[in-house]
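Q: Sequence:
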Amino acid sequence: MPHRRFTAGKLVVASHNEGKVKEIRALLEPFGVETVSAAELDLPEPEETETTFTGNAELKALAAAKAADMPALSDDSGLAVDILGGEPGIYSARWAETGEGRDFGVAMTRVEKEMCEKNGGPDGNRKAQFICALTLAWADGHVETFEGSVAGALVWPARGTRGFGYDPVFQPNGHKVTFGEMDPAAKHAISHRAHAFEQLIDACFAHKS
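Here the sequence shown is numbered in my numbering, starting from 34 and rising by one per residue.
Please note that the accuracy of each hint is not assured.
Unchecked claim - List of simulated lysine-lysine pairs, DSS-like, C-alpha gap at most 25 angstroms:
no., residue 1, residue 2
1, Lys209, Lys146
2, Lys209, Lys160
3, Lys160, Lys146
No lab work stands behind these hints: they were computed from the structure.
Could you build the full structure based on these sequences and the hints that come with them?
A: This is the structure in structure tokens:
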């Protein structure tokens, strides 16, 4: 079945995460797409009840598309740590919940603590990957979903203040800096989100001239 092409000039970025919204806007900018975030439209955040990145990305994109009556793009992504059996995975943001908002310093400390417990210390298996499912949805219920990933290892202590979430502890394979230390343009070129985005562009958007 052929992919549906995006022909509108504007879409909703179905996220209240300012870091994600900023990255997605930067990726869409070359294609002349106007974006507005779910937070700017005061759209409610739907409960993420699915058990996969793809399921949650589709749930969020469809909710925003129907509420705003325009196409919506949603990202569901997270950190999957090998020694932790893929956790925190789809619960990556929830590991940062403190009762007073999200604190990824707390989440990164928990990941390191549980890794050390499993490894019997700070050495051992530190492999991890970021995974991203990206869904473009229309108000009529049609969805197009693509998944990307990037492999690396976790470092401790955290390094860098760029990016967001778990970026300061994730060092992608082939690099000596973490996502938290990396120039945003360099991160965009290799990230899990970029890999999913490339597939989305090929399938649904007009290519850059």
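Q: Indicate, hint by hint, whether the structure satisfies it.
A: Hint check results:
Between the alpha carbons of Lys209 and Lys146 the distance comes to roughly 23 angstroms, so the proposed pair stays at or under 25 angstroms and holds. Taking the CA atoms of Lys209 and Lys160, the gap is near 15 angstroms; set against the 25 angstroms cutoff, the hint holds. Between the alpha carbons of Lys160 and Lys146 the distance comes to roughly 15 angstroms, so the proposed pair stays at or under 25 angstroms and holds.
The structure meets every hint from the earlier list without exception.
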